[in-house]
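The listed protein sequences derive, respectively, from chains P, D and A. Taking my numbering as reference, the numbering of the first sequence is continuous, increasing by one, and the terminal residue is 257. Taking my numbering as reference, the numbering of the second sequence is continuous, increasing by one, and the terminal residue is 1184. Taking my numbering as reference, the numbering of the third sequence is continuous, increasing by one, and the terminal residue is 2360.
Errors might be hidden in some of the hints.
[Unchecked claim] Derived DSS-like pairs: lysine-lysine, alpha-carbon spacing no greater than 27 Å straight-line:
1) A:2355 - P:26
2) P:98 - P:200
3) P:200 - A:2355
4) A:2198 - P:98
It should be emphasised that the hints constitute simulated quantities derived from the structure, not laboratory data. Please read these numbers as outputs of a predicted model, since none were measured by experiment.
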Amino acid sequence: MANITKEEIRKPENLVYKKTDLLTDKALSYCPGCGHGTAHRIVMEVLEEMDIQDKTIGIAPVGCSVLAYDFMNIDMQQAAHGRAPALATAVKRLHPDKFVFTYQGDGDLAAIGTAETIHACNRGENIVIIFINNGIYGMTGGQMAPTTLPGMKSSTSPYGRDVQTMGNPLRITELIAQLPGTIFVTRQAVHTPAHVRKAKKAVRKAFENQKLNKGLSFVEIVSNCNSGWKMTPLKSNEWMVDNMFPYYPLGDIKVNE
Amino acid sequence: MTEEIIIAGFGGQGVLSMGKILAYSGVMENKEVSWMPSYGPEMRGGTANVIVIISDERISSPIVNYFDTAIILNQQSMDKFEKTVKPGGLLIYDPNGITRHPERKDINIYTIEAADEASKVGLSKVFNMVVLGGYLKLKPIVQPEYIHKGLEKSLPKRHHGLIPENEKAIAKGKEIIKEKYLLN
Amino acid sequence: MKELRLMKGNEAFAEAAIRAGADGYFGYPITPQSEVMEYLMAEKPHERTGMVVLQAESEVAAINMVYGGASCGKRVLTSSSSPGISLKQEGISYIAGAELPCVILNVVRGGPGLGTIQPSQSDYFQSTKGGGHGDYKLLVLAPSSVQEMADFAGLGFELAFKYRNPVLILSDGAIGQMMEKVELDEQKPRWTEEEIIKNTPWATTGKTKNRERNIITSLDLDSGKQELHNISLQAKYREMEKNETRYEAISCEDAEYLIVAYGTSARLSQKAVDLLRAEGYKVGLLRPITLFPFPTAIIAKLADQVKGILTVEMSAGQMIEDVRLAVGCRVKVEHFGRMGGIIPSPTEVVDATHKKIIGG
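For reference, chain P alone in the conformation it holds in the complex:
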């Protein structure tokens, strides 16, 4: 290893991994260790593999991924907080031949945008919703989210989430799965290579469903927020496995063929 120079590493024959062209060259603004970057990558890789870059319109939310359009090299719209499914509904209705997806966090999708989320799902809009659940408001500085776990500390639940006064964490994905308009509802994670491969397969399936006009596919990705949780990246992933996964178990919740 020590004998290989930088120049040699960069030779095409030594290439083992290449960033998809559907991600721009702009450095990600996410905190080191955050799952957003990987989630971005797998969505963009799926679009590249399906060769639908020129037919895809993405909707960015408000939250950490508000600037998703800086990194995703496709046509994108930036929605008001929670409203991405409404934008996506119109885009898909007006452009049935295009691929349309939203990329939303838990505050955006499961708090302020609950109505838009549920109704787009209930109408069975033929779109894909990618839902990043890290149990906290990351961008605004770690406030309590609808998905924050019981007892979990945040800047607006500094003594831990008290479910008596602050309510229970919302399993919106299970709720969504009840609606006849959804065709594929799954919960994934991206903290290990194996999970990334599985999550990518799920994202691919979601876009294939859209191609076949099957209805709404909903992919939750349980992720970490090492900054908001005030942990090292490694520790946050361990904490996620130990605490988030029991409340938000991974796997397919609904698969209609």
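Following the hints, position chains D and A against chain P.
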């Protein structure tokens, strides 16, 4: 010519549609028209009224507070609109259900027993057209051929079979309208 | 060949929107404008032109559907009435910030709060001074007849795309609910995909190899860039003021007294002018057709000619502020209006003109 009319009664008596047919007939005769209804909860079972204006000139305000003609089909409307008839104007009412009859001496007053007559001859559904017939006898502001066209335009196609019945009702109304009080 | 029909203002607007080549309508029921969506649903515009009509789960969702559709370069519209328009303000601010074209109809009812379902003009401030957050302007058209309800659907789209700016049609319950004769334009075809790409090169239609990606956003965290964006918005609004000010002057040539009124109030005032002229008073009516841009110059000019100005509004007096700004202190400007859903009668306007302006 400008004719400003208020038609008022219970919701369900066909007040608004009578106004609409009259207005549409005006359109067919290439006159200027406006149709301004009362709307909202008060229409659901309560009173309904509509102001229809038919004119040879551009209509300035579709809302006016004094009328050339008031067509009144219930007591509440009588209480509200008798006083809004312009001096020398015309008031037509169906005495059915009226307990306090109009008292003004500066207007012409006619009665039309449309509800009774319509049910007698099996025309209850087009009771409002009986009333319209009575009005058109006194004020033929729109010619019969245009009334026919107005009916065609304002009724949905699937109801065009009912046009002869409507025209029969209009003819009936012309027969039965009676003077009650006339100015010299 | 134009088609002649007797229609409600709400229906005429809906029919005219189809004929203007609209691609999509997104709405939520509220009195007194529900006929817009009812008419569209009954007409099945999808079969006529391919136009999409969707009943949203809320006014909030509806305006954001408009945002999504407009981002694609489509001709999209929504309609509502006052409380619903309040809910839409967030979306309207985003649409203005992202510089997207769309048409929004407000069939105004009395407020504040749930208020009444009867006609009012108390949303003037909301319509012309912002409504939502941020320094933005809507281009505001004020129809005063069913014919204008129809005409402004097409004109609205034309101006919206000319300036990449939302156009608000500020109507009221009286104009929405009343029927008048209306001449309808012939059907215009909807833009094809090729035309959309040519006419709106900024739209998100799918990133092809031969162009950079298109991004629709109102966000720029760099304050320097955000200020430049605001400066360019303001320049656009000044352009609108220069090019798009519309009004109707009725009997103003020899007027010694002036009434300024828009929408339903202008119709009542026109009758009042007729009555006052019959009494021998030289009264004119200036009817703003655009409320932004406001016809400041003509009002300023008439202020030099008349002895007094009365604004007639179905509100506590909102437009009067713009009239006073135009007039300065050169001549007395007074307000007459009714609130809470009451439409003043022409004779009330006559009396107010005497009392407040002519000085009888």
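* Is residue 200 of chain P within 27 Å of residue 2355 of chain A, Cα to Cα? -> Outside the cut-off at roughly 76 Å; violated.
* residue 2198 of chain A paired with residue 98 of chain P [C-alpha distance capped at 27 Å] -> With a Cα-Cα distance of about 18 Å, the restraint between residue 2198 of chain A and residue 98 of chain P holds, given a limit of 27 Å.
* **Pair hint outcome, residue 2355 of chain A versus residue 26 of chain P [Cα-Cα no greater than 27 Å]** => violated, 69 Å
* Pairwise hint evaluation, residue 200 of chain P against residue 98 of chain P, where the allowed Cα distance is 27 Å at most -> holds, 20 Å
Going down the numbered hints, you'll see the structure goes against 1, 3, while the others check out.
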